[in-house]
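*Asks:* Residue-level listing of the chains:
There are 8 protein chains.
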Amino acid sequence: MDIDIIQRLLENYKEGKIPLTDVLGKIRELPYKELGFAKVDIHRKIRCGFPEVIFCMGKTPEQVVKIVAHIVESGQDMLATRADSETYNAVLRKFPEAVYHEQAKTITIRKTRENINEGLIMIITAGTSDIPVAEEARITAEFMGNKVKALYDVGVAGIHRLMRNHGELLKANVIIVVAGMEGALASVVGGLVDCPVIGVPTSIGYGASFNGVAPLLSMLNSCASGVAVVNIDNGFGAACVASLINSKRE
Amino acid sequence: MDIDIIQRLLENYKEGKIPLTDVLGKIRELPYKELGFAKVDIHRKIRCGFPEVIFCMGKTPEQVVKIVAHIVESGQDMLATRADSETYNAVLRKFPEAVYHEQAKTITIRKTRENINEGLIMIITAGTSDIPVAEEARITAEFMGNKVKALYDVGVAGIHRLMRNHGELLKANVIIVVAGMEGALASVVGGLVDCPVIGVPTSIGYGASFNGVAPLLSMLNSCASGVAVVNIDNGFGAACVASLINSKRE
Amino acid sequence: MDIDIIQRLLENYKEGKIPLTDVLGKIRELPYKELGFAKVDIHRKIRCGFPEVIFCMGKTPEQVVKIVAHIVESGQDMLATRADSETYNAVLRKFPEAVYHEQAKTITIRKTRENINEGLIMIITAGTSDIPVAEEARITAEFMGNKVKALYDVGVAGIHRLMRNHGELLKANVIIVVAGMEGALASVVGGLVDCPVIGVPTSIGYGASFNGVAPLLSMLNSCASGVAVVNIDNGFGAACVASLINSKRE
Amino acid sequence: MDIDIIQRLLENYKEGKIPLTDVLGKIRELPYKELGFAKVDIHRKIRCGFPEVIFCMGKTPEQVVKIVAHIVESGQDMLATRADSETYNAVLRKFPEAVYHEQAKTITIRKTRENINEGLIMIITAGTSDIPVAEEARITAEFMGNKVKALYDVGVAGIHRLMRNHGELLKANVIIVVAGMEGALASVVGGLVDCPVIGVPTSIGYGASFNGVAPLLSMLNSCASGVAVVNIDNGFGAACVASLINSKRE
Amino acid sequence: MDIDIIQRLLENYKEGKIPLTDVLGKIRELPYKELGFAKVDIHRKIRCGFPEVIFCMGKTPEQVVKIVAHIVESGQDMLATRADSETYNAVLRKFPEAVYHEQAKTITIRKTRENINEGLIMIITAGTSDIPVAEEARITAEFMGNKVKALYDVGVAGIHRLMRNHGELLKANVIIVVAGMEGALASVVGGLVDCPVIGVPTSIGYGASFNGVAPLLSMLNSCASGVAVVNIDNGFGAACVASLINSKRE
Amino acid sequence: MDIDIIQRLLENYKEGKIPLTDVLGKIRELPYKELGFAKVDIHRKIRCGFPEVIFCMGKTPEQVVKIVAHIVESGQDMLATRADSETYNAVLRKFPEAVYHEQAKTITIRKTRENINEGLIMIITAGTSDIPVAEEARITAEFMGNKVKALYDVGVAGIHRLMRNHGELLKANVIIVVAGMEGALASVVGGLVDCPVIGVPTSIGYGASFNGVAPLLSMLNSCASGVAVVNIDNGFGAACVASLINSKRE
Amino acid sequence: MDIDIIQRLLENYKEGKIPLTDVLGKIRELPYKELGFAKVDIHRKIRCGFPEVIFCMGKTPEQVVKIVAHIVESGQDMLATRADSETYNAVLRKFPEAVYHEQAKTITIRKTRENINEGLIMIITAGTSDIPVAEEARITAEFMGNKVKALYDVGVAGIHRLMRNHGELLKANVIIVVAGMEGALASVVGGLVDCPVIGVPTSIGYGASFNGVAPLLSMLNSCASGVAVVNIDNGFGAACVASLINSKRE
Amino acid sequence: MDIDIIQRLLENYKEGKIPLTDVLGKIRELPYKELGFAKVDIHRKIRCGFPEVIFCMGKTPEQVVKIVAHIVESGQDMLATRADSETYNAVLRKFPEAVYHEQAKTITIRKTRENINEGLIMIITAGTSDIPVAEEARITAEFMGNKVKALYDVGVAGIHRLMRNHGELLKANVIIVVAGMEGALASVVGGLVDCPVIGVPTSIGYGASFNGVAPLLSMLNSCASGVAVVNIDNGFGAACVASLINSKRE
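Protein chains in written order, with the numbering used here: chain F, 1 to 250; chain C, 1 to 250; chain R, 1 to 250; chain Y, 1 to 250; chain X, 1 to 250; chain V, 1 to 250; chain Z, 1 to 250; chain E, 1 to 250.
Read the hints as simulated data drawn from the structure, not as lab findings. Note that the structure is a prediction, hence the values are computed from the model and not measured. One or more hints might be untrue.
EDC-like mimics (lysine to aspartate or glutamate), calculated; alpha carbons at most 20 Å apart, straight line [said to hold, decoys possible]:
1. Lys59/X / Asp22/X
2. Lys59/V / Glu102/X
3. Lys17/V / Glu97/Y
4. Lys14/Y / Glu15/V
5. Lys59/Z / Asp22/Z
6. Lys14/R / Glu11/E
7. Lys17/X / Glu11/C
8. Lys66/E / Asp22/E
9. Lys14/X / Asp77/C
10. Lys59/X / Glu11/R
11. Lys17/Z / Glu11/F
12. Lys17/R / Glu102/E
13. Lys14/R / Glu102/E
14. Lys94/C / Asp77/C
15. Lys17/Y / Glu73/V
16. Lys59/Z / Glu102/E
17. Lys59/Y / Glu102/Z
18. Lys59/E / Glu11/C
19. Lys17/E / Glu102/R
20. Lys17/R / Glu142/E
21. Lys14/C / Asp194/X
22. Lys111/Z / Asp77/Z
23. Lys111/Z / Glu97/Z
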């Protein structure tokens, strides 16, 4: 569209309909991104593999339904995170094909289901209470076209549970470690594998966990070197980073 | 002594030298601890196995020498912590038998060397930088009459180093885990053993370790249940608690 | 079980049914803990005196009932902490023998009631508001087979209440001090006794208590040396450590 | 002076030299405090008992000497706090009567030495390392004309040391409690006496004392009700408040 | 009572009914406070002017009613703080003479209404939202027998409101400054008066007030020297300290 | 009024009805602000352009209605912030002309609608969730007589959205940047424009945003120099500062 | 230059030397800012009134001299902040016209000295220790072409010092308030004037000032509405904002 | 080796030299990792591409030299981080081939120089002061066999500097963003590219940057989804993660 404007401008100029100074003026005024709009669009596709993710927290069910409609009508797959059941029911009434992932609190509407990326993303949790955050990561990563394997409740208080799965860990292209309390699992896993580890501290715990500060600091200070960290409870963000890592590994 | 005062008071009263009201008044004024002085003294002996530990930080070498003299002349063993080499040299000039433990920054003068407690205290560190704090704990624990075994540099980044020593861990009556950075070692050890674990977070690390806050929170939120924690870099305190635990295990 | 597998493997090898390389391969693949399963099991028994504790916070009543059933059916005693009355009622419907400790918010189903450990665990609180945390500790410690004595509301604002019980304190093998507000009680008790003190800071207080940070810091900086600390409101954890300490004191 | 200006203004007005509007305009412009200058001065005398205290931190020795000269030449007593020996030497060269209180790091030049206030201010410390802060309080309180009694090293780790002096505590009009580490002494003293207690947390300690935050929070959350708190290491401020309290008690 | 026990003990001893060693043993075992019980009781009366204050937060209405009954039946005045209207109604049903101070959320039952202390306690607030905390202080101070004057909504955003009342401020024996947001009022008042100022930071504010941390730090760092601070929202504590200060000023 | 008092005083004095000393005494007693009352009043008008803003949080609907009545009856425009719909309905019943701005949670009653200030205040947000805070700023700024232009959802995750509006930004006299999460928008805008930028961090976000601390710190550390910051979620305050800046730009 | 490239491109296209698609491709690749380079340059001039400010902290004297040379040789005025005397001496050797402002720790080389902006920037400090930060602001504001008036040591502990200068305050277009300790001055000034107030918290203080956190929070929570805040000790930043505000007031 | 032990054990058993129970006992005692030692070794090679990195902080020059010798003599490349010039000189005396990277404070001894990974790691900084941390990352990433491109001083205060290099950014496989102050660059870059972004907050800044906390929180709350974070100033760690990401992209 914008590129059309410029094209017409240039043709007019060539045909002598407008002077050079006018063309220069117009170009100077055109916002940069307008010039590159198409490219931007493409690189957004490349970047995420999907148009837009709806963060439902703080939005009314009606607002969410409206955005869902916009995405679905444009023929794209839809992912909504942090959605409660009330929001889901509102979406369901208009889009019977919508699927609710209760633990993950996410809604998806997907037409395509092939995996774009061949590599494996492994998602592991320290405890059972960390599973909702891990599930948000799992649904997101799968939605983005990744093969995902989940390994839950392998925290360091019983390290043999993790050790028993050492072989599985080594098959992953990238591992998402979801852990609350002291978050030690990220360091231990980081010391066992040869792929990047994305740590997701969770707000699971009480008292001096300070709603996830304890595992956050723990993961940032990991004595194993291959660990990077995202925000507390940010399963979605971890899956985004993991998918970007995995997308280059075919 | 104080008990003598009361005894005389009572005898005088019995002999009719002083009236009842006087006795009651005197007793009311006598400080409680005076009545129980001897008992207190004894229970201090029982509690620590030595009279007094000198915390040198913030004291001049001269002050330290004076307190050392007081202790040594009363025929007791002497332990001074957080002592720099200047302080040691000042002590050495007057007490050639003084021994300096450089990494632990402690000075000891001991006549007796038998172990009072039979059980084993194990002290393990995550990294080599944690060793000075661990050595403060080791010297203190030995001084208090405990058998001590040290196992250094077994942090979770290479968990096999710890696993290889699992058998050793199981021999301890109490384990002191000294760790900086993310302090994950305390949780991992806590999950492997059947004895109390005393966590000592250290200020080793930088940035978001916040001088030991990261491992402190980590250890307080340990997902393994048998872990209790002392102050950052407090090797001495950990050894005190460990010695009290160990002292009842003969 | 696992040890059976290895035994059979070795017998087959000895009998020439399988070659050496096969045996080596199998052993290498066997998880470490499998080799030591029996021992691990035993040491878990030794460590806790019971199979598993259910932390109810964040679990639905249905989930809790399922885990309770699993434990009870395997013939073991059951302890569930942080359980509200709704959860208790759900458990009660299936297990009429379940007992609810309202202040402690714990549910127990016990068949055995003998004390494994002879020593005494004393639990004291600074105020009446600290009692629920103390009760969690008491129920847990008793469940683990310890003799427990409770001494509540002896905070330092009226130090004579504590002094009056000095003799009682000296009978304990380990003392759990539960205190909110400024948490001074841990230091004072630590200075009066010759056994380890486990401090439990509570979130009792307001304003600058910061939900338990004030007593937490207070206890970590105790001027008495024999004090170690667990997480804020962690009565359960304190009882675990205390039981481990007490279990070696027969 | 200012009052003179107004007086003249009014006389001129009465004599018809200036119109009413002019007088109103002038009065409106006159700063409030100018009108009350003398009173303000007097109430500053009443408030502090001395003209001005020099806070030396961040001032060069030359700057301090200049202010000292200004105060001394106006015939008043002089108090300078947080002064190092270099500053003292600079002052001493010009004012041989200057006295340096080394532990308190204060300099005084006093002509009058009578006590203005009859009541007793008691200053007690938990440990020996808290003494410098306590000495700043003592010198300040004495300088302001109070009788002061010091009782050092009576921390709660050995509560009998404090108990032995219970009678002394009861004689005070106000007690300043100086304590680092966990600062429990303020609560304990607050529970033993019937006069206001001013808590001074000190930066003595390490690790989780966070340079005095631990005792600060401890004192703010005191379970004893008669305790108010000043800034960390603020011996001077505590003495100011205590002197104000004591000054009304003759 | 306890003193009776000792008296009888001594009489028996004098009469030769029990030997000296028995008396010494008994005395040693008697808790210190028992010996001084009467004195303690008296000094508690002196200290507070009333037997006990009920902190209702965290207590059920039934529990509060029970304690109220205990106090009232012993013939004493009763003060309960942090009481909601439900608790008040429960109290009212049994004690029709109970008065509820709605803003202060306190309940009182008083027979005596004379002022014990002659001096004036002034309570001022920065804004109208700080009034509930100030009212808790006012009711408490009056209950303790003090004359109280309230001056509300004189915050520094319109400093003339405070200045207009400068004369009033100077009449007080002690001033309680209740302020949220930035808490600047304490410093300003501290610079205007010659009596002690007790600062009460409130949790009024939002965002970077961090529930009262901003005014707390502000008051602790007051550039005026005569300011001491109590916990956030602690109107009761401020009144206690103020009453102790005022009680010596007759 | 006050000025009348002084005028009469002076006239009486001139007429010899009262002596000079009486006049001086009276003047000394008159509060400063009384002298300057009229001027103060005027400068309050200049400062804010309206008499008083009602901060509804913590006020009952009845209290708000009372204050609204007071303002409206005095013939002035009325602005109430942080008002919920219940409060609005209470106001509406008495003042049918009241308008509720739902997102901004503000109520206005305006008679005058002209813009006092000619310059433009631009308000931009990073995301859609920041809009309520921005709307509070917009309503406030318009109420104060400013032209306002809003540009929402131009956060840095898609920087081209902002770039496309670079020209618009340059037209503003002052820009209010409302952003939660990492708050980077303030720095980016600050680097693009030649007018002051007022940053408003919002509590939008979760985990390590710590209710707005992350964007607050971000804006305070802005690498662009023309940025100043107000409290978290303080749209009202930002509009006040912006209006003061804009008011001098006609 | 860049505009030349586009001009040539367009001419070539018009002359048929290159096809339309080539022109479009080239334009798309051209960075946005290149198109607008001249305009950007101009708006930078408008924005700051000078080319570049050197932040010396963390740069070697040699590095600073090199940048100074670059600026001076291009004929522009030079301002370097946070420069120590060693850096100044290095600059002085090459540029004898360089002036060092010792308290402000800034170096300037100025040819032009006229004021661009007519309005007055007033800079006030609470204490004498805040002066270095204020001086950094003053030198910066003057360098940017503003009239500046300084009013130092008018903190709220003696509020009359500020009141005496109320008239002066009202003359300013914008006021910079520099204050450490509790930072109350910003609120008080904000309540007295009708122009924007920029608060600069300083790290002056100790203990619970936490290196400037106390005044930072204080200023962010100002109960006066016209106050915005910059980073701790950021005199330079405050002057930038003030100059931007003032620059529109001719 | 260890596998040899087991082989011999099994052969002895088959030959009847030792009974089955002995074999089972021995196997149970063998550390798990011993069985897998060779594999572990290999996966460490795969993981890092080099044997060991020396973290020099807290090590004496002599200690560093010893470890360097150990690595070099085993024929491997050597990397030492956080090394000062004194340490470098000590290394240089024994290893003349050692290279010191002054800004990065790293020492390298490399024999092989080919790149193992084909993809590009781009490292960008917000300011010039962030360069040392970026250089640590660059040297580390190159040492690990990656192609690295550096783009320094492209902070968001002049966003056009970054935009001009948009094309370059798109060529990277992974981007390391090194930024202090408000750390906004990570979010902006994250919104412009389709590869993972590793944020490294730096301690560059002052006041409310709190030694890197501000950019750390900023990056953790990035509104762009593809950003993960490492510890403050941890250039080494960022390069490790980036290299792991890049290593799978050939």
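*Asks:* Indicate, hint by hint, whether the structure satisfies it.
*Replies:* Quick rundown of the hints versus the structure:
Taken as a hint, the lysine 59/X and aspartate 22/X pair is broken in the structure, with Cα atoms around 45 Å apart against an allowance of 20 Å. Distance restraint check for lysine 59/V and glutamate 102/X: the Cα-Cα separation of roughly 14 Å lies within the 20 Å cut-off, and the hinted pair is therefore satisfied. Of the pairs offered as hints, the one joining lysine 17/V and glutamate 97/Y is violated, with about 57 Å between alpha carbons and a cut-off of 20 Å exceeded. For the hint linking lysine 14/Y to glutamate 15/V, the alpha-carbon distance of about 8 Å falls within 20 Å, and the restraint holds.
Annotation: proposed proximity of lysine 59/Z to aspartate 22/Z is violated, straight-line Cα distance about 45 Å (limit 20 Å). As the CA atoms of lysine 14/R and glutamate 11/E are separated by approximately 9 Å, the hinted pair is consistent with the 20 Å bound. Simply put, lysine 17/X and glutamate 11/C have alpha-carbon atoms about 14 Å apart, close enough for the 20 Å limit, and the pair holds. Proximity of lysine 66/E to aspartate 22/E is assessed by CA-CA distance (about 42 Å); at most 20 Å being required, the pair is judged violated.
A distance of roughly 46 Å separates the Cα atoms of lysine 14/X and aspartate 77/C; the hinted pair therefore is violated under the 20 Å criterion. A hinted pair counts as satisfied when its Cα atoms are at most 20 Å apart, and lysine 59/X with glutamate 11/R does not qualify at roughly 68 Å. A hinted pair counts as satisfied when its Cα atoms are at most 20 Å apart, and lysine 17/Z with glutamate 11/F qualifies at roughly 14 Å. A distance of roughly 65 Å separates the Cα atoms of lysine 17/R and glutamate 102/E; the hinted pair therefore is violated under the 20 Å criterion.
A C-alpha spacing of about 64 Å is found between lysine 14/R and glutamate 102/E, which places the hinted pair above 20 Å, so the restraint is violated. Of the pairs offered as hints, the one joining lysine 94/C and aspartate 77/C holds, with about 15 Å between alpha carbons and a cut-off of 20 Å not exceeded. At most 20 Å may separate the alpha-carbon atoms for a hinted pair to count; lysine 17/Y and glutamate 73/V exceed this at roughly 45 Å. Distance restraint check for lysine 59/Z and glutamate 102/E: the Cα-Cα separation of roughly 14 Å lies within the 20 Å cut-off, and the hinted pair is therefore satisfied.
Restraint check for lysine 59/Y and glutamate 102/Z: satisfied, since their Cα atoms lie roughly 15 Å apart, inside the 20 Å limit. Among the hinted pairs, lysine 59/E with glutamate 11/C is inconsistent with the structure: their alpha-carbon atoms are about 69 Å apart, more than 20 Å. For a cut-off of 20 Å, the pair hint linking lysine 17/E to glutamate 102/R is broken: about 63 Å separates their Cα positions. For the hint pairing lysine 17/R with glutamate 142/E, the CA-to-CA distance comes to about 53 Å; that exceeds 20 Å, so the pair is violated.
Only pairs whose Cα atoms come within 20 Å are accepted, and lysine 14/C paired with aspartate 194/X is rejected, the gap being roughly 57 Å. The hinted pair formed by lysine 111/Z and aspartate 77/Z meets the criterion: a straight-line CA distance of about 6 Å does not exceed 20 Å. Distance hint between lysine 111/Z and glutamate 97/Z is fulfilled; the C-alpha atoms sit about 10 Å from each other, no more than 20 Å.
The earlier numbered hints that this structure contradicts are 1, 3, 5, 8, 9, 10, 12, 13, 15, 18, 19, 20, 21.
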